[in-house]
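Novice: Heads up: the protein sequence lines correspond to chains A and B, in order. Read in my numbering, the first sequence has 95 at position 95, and its numbers run on one by one without any break. Read in my numbering, the second sequence has 249 at position 249, and its numbers run on one by one without any break.
In short, the hints are calculated from the structure, not lab data. Note that this is a predicted model, so its numbers are computed, not measured. Any given hint might turn out to be false.
[Stated by the list, open to error] Straight-line Cα separation of at most 25 Å, SDA-like style, residue types lysine to any residue; simulated pairs:
1) K194(A) x A199(B)
2) K221(B) x K194(A)
3) K122(A) x A199(B)
4) K62(A) x N230(B)
5) K114(A) x D228(B)
6) K221(B) x V115(A)
7) K221(B) x L166(A)
[What the hints assert, rightly or not] Label pairs and their computed distance ranges (CB to CB):
8) K114(A) x E127(B): 35 to 45 Å
9) P120(A) x L103(B): 33 to 43 Å
10) I111(B) x Q117(A): 35 to 45 Å
11) I111(B) x E45(A): 36 to 46 Å
12) E45(A) x L49(B): 16 to 26 Å
13) V145(B) x E88(A): 34 to 44 Å
14) A197(A) x G114(B): 31 to 41 Å
15) G229(B) x G107(A): 19 to 29 Å
16) L116(B) x A197(A): 39 to 49 Å
17) P120(A) x G229(B): 17 to 27 Å
18) D204(B) x V116(A): 52 to 62 Å
19) R104(A) x P126(B): 35 to 45 Å
Ideal Cβ placement from N, Cα and C applies to all residues, glycine included.
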Amino acid sequence: MSRQFRYILCLLGLFSLVTPLSAEEPSDVIDAFDATLLQVMRNAEELGYQGRHDILAPVIGKRFDSAYICRLVLGRHWRGLDEAQRREMVQVFTELTIATYAGRFDGYDGQTFKVVQSRPLKRGRMLVRSELLETDGDIVTLDYVLQPDEGEWRIVNVVANGISDLSLKRAEYGAVVKRDGIDGLLRGLREKVKAYAEDAS
Amino acid sequence: MFLRKVILVRLVLLGALVPFLHGCATTQATTEDPLEEVNRGMYAVNDSLDKAFMAPLAESYIENTSEGFRDSVTNFYDNAAYPGVVLNDILQFKLVQAGGDSLRFFINSTIGIGGLLDPATEFGLPEHDEDFGQTLGVWGADEGVFLMLPLYGPSSLRDVTDLVVSSFTNVFFFIETGPFGIPLTVLDMVNTRANLSSAIRLRDASALDPYVFTREAFRQKRTNLIHDGNLPDEEFELDDDQADVDDPFAEDAYADGTGGSIN
Chain A
1 MSRQFRYILC LLGLFSLVTP LSAEEPSDVI DAFDATLLQV MRNAEELGYQ
51 GRHDILAPVI GKRFDSAYIC RLVLGRHWRG LDEAQRREMV QVFTELTIAT
101 YAGRFDGYDG QTFKVVQSRP LKRGRMLVRS ELLETDGDIV TLDYVLQPDE
151 GEWRIVNVVA NGISDLSLKR AEYGAVVKRD GIDGLLRGLR EKVKAYAEDA
201 S
Chain B
1 MFLRKVILVR LVLLGALVPF LHGCATTQAT TEDPLEEVNR GMYAVNDSLD
51 KAFMAPLAES YIENTSEGFR DSVTNFYDNA AYPGVVLNDI LQFKLVQAGG
101 DSLRFFINST IGIGGLLDPA TEFGLPEHDE DFGQTLGVWG ADEGVFLMLP
151 LYGPSSLRDV TDLVVSSFTN VFFFIETGPF GIPLTVLDMV NTRANLSSAI
201 RLRDASALDP YVFTREAFRQ KRTNLIHDGN LPDEEFELDD DQADVDDPFA
251 EDAYADGTGG SIN
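Take these sequences, add in the hints, and give me the full structure.
Specialist: Rendered as structure tokens:
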């Protein structure tokens, strides 16, 4: 083979490594998630809590890497859990995430979402900055950290107005585990899920 | 004469705190809380007082006033405190912002009828949030230690300095309020508490440990304010080098075969 030809083959080889993992860019993932939220918000009353929950469940399951988030939130406590406890933890945590969104996004007031910027972070992660614009002019900044997982970009952290959900939960759950153990944490999380279902319309 | 003594005492207190404010502003919030026992105690006291007095008062206030009225009240007190924002703009070398904020104070105090209205925002002079704690943060001070203050709630060794500084940059420091002093203070407290109602409800609904929630949310808010909303990338990096495993359920992620201990 001529040197030029080999060179071109090499380039093609490299190129195949850097092509996007999936057709979806991280900002597309957030756009799609925002679209689901808007849909849920607009029909919030007709759907009721359970309806909102049922729409959000598969989307959150797909878009959020809850297993990874749990590992980060529990930190060193994760090492002490066996596989059954870990699976239970992830399941309850996912349930709580869905319950939180279904409970909070319970109305529509003309809000819009807008993806503002995407930029890479370390270790192959991406930061997508977006905004929730309220009709009275208030802006809530929503920053998502995504990372690749088996060919898809998945959310591993949401930072709302500078407050990182991951950091908040890590501090809180750490304090609860220290005081009440992992069972105490699971109990507390299940109570929160129940509370959302009971409070909400 | 008495006033001068008060100012002197405050300045001395301020000076006494400065040696503790060493160290670079940390980018990752730590969960260190050396005064946790005391802080938790104070949190419990504040929470009881809030549930007993402030919360019902605030609810009643919300029920009996319009949002427009409450907005005007908020504007009024924010404007009275605004010279403090200008001072801290200058101390942080945000001179263009200081100019804009001075103009904003002037416009809202005059055209805005003593601060009740906010025409300045319409004129392209938005409200900024700067205080002395942020100034120290911009200068490189970290929080020192986390403090839960009576009534005021979450603060820190660094941020508590603003209580001193802001008291003599407030318009009411220079005006004789006479018999209106107490009602003005009470209205400020109730209106502030009313503005915080939805955030407090959110915390009570979602927090497993409301004290930790309040502490961490406060710390992150301070970091966000110090960076004026433009957090550097380090804030978004995930601290996961301790368990760098792709599959959270992988065998080698276990501490030991028996399931290990939690510590």
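Novice: Run every hint past the structure and note whether it holds.
Specialist: Verification of the supplied hints:
For the suggested pair K194(A) and A199(B), the alpha carbons sit about 21 Å apart, so the restraint of at most 25 Å is met. Among the hinted pairs, K221(B) with K194(A) is inconsistent with the structure: their alpha-carbon atoms are about 29 Å apart, more than 25 Å. Simply put, K122(A) and A199(B) have alpha-carbon atoms about 33 Å apart, too far for the 25 Å limit, and the pair is violated. A distance of roughly 29 Å separates the Cα atoms of K62(A) and N230(B); the hinted pair therefore is violated under the 25 Å criterion.
Between K114(A) and D228(B), the direct Cα distance comes to roughly 20 Å. Compliance with the 25 Å bound is thereby established for this hinted pair. Between K221(B) and V115(A), the direct Cα distance comes to roughly 22 Å. Compliance with the 25 Å bound is thereby established for this hinted pair. Between K221(B) and L166(A) the alpha-carbon distance is near 14 Å, which keeps this suggested pair within the 25 Å criterion. Checked against the hint of 35 to 45 Å, the C-beta distance between K114(A) and E127(B) comes to roughly 22 Å, which is inconsistent with it.
Taking the beta carbon of each, P120(A) and L103(B) are about 40 Å apart, inside 33 to 43 Å as hinted. Hint check: I111(B) to Q117(A), Cβ distance near 36 Å, so the stated range 35 to 45 Å holds. For the pair I111(B) and E45(A), the beta carbons lie near 42 Å from each other, so the given range of 36 to 46 Å is met. The hinted range of 16 to 26 Å is not satisfied by E45(A) and L49(B), whose Cβ atoms lie roughly 37 Å apart.
The hinted window of 34 to 44 Å between V145(B) and E88(A) holds, with their beta carbons roughly 37 Å apart. One distance hint, 31 to 41 Å for the beta-carbon pair A197(A) and G114(B), is violated here, with the actual separation near 48 Å. Taking the beta carbon of each, G229(B) and G107(A) are about 26 Å apart, inside 19 to 29 Å as hinted. Range check, L116(B) to A197(A): about 43 Å between beta-carbon atoms, so the 39 to 49 Å window is met.
For the pair P120(A) and G229(B), the beta carbons lie near 20 Å from each other, so the given range of 17 to 27 Å is met. One distance hint, 52 to 62 Å for the beta-carbon pair D204(B) and V116(A), is violated here, with the actual separation near 31 Å. Checked against the given bound of 35 to 45 Å, the beta carbons of R104(A) and P126(B), roughly 27 Å apart, lie outside it.
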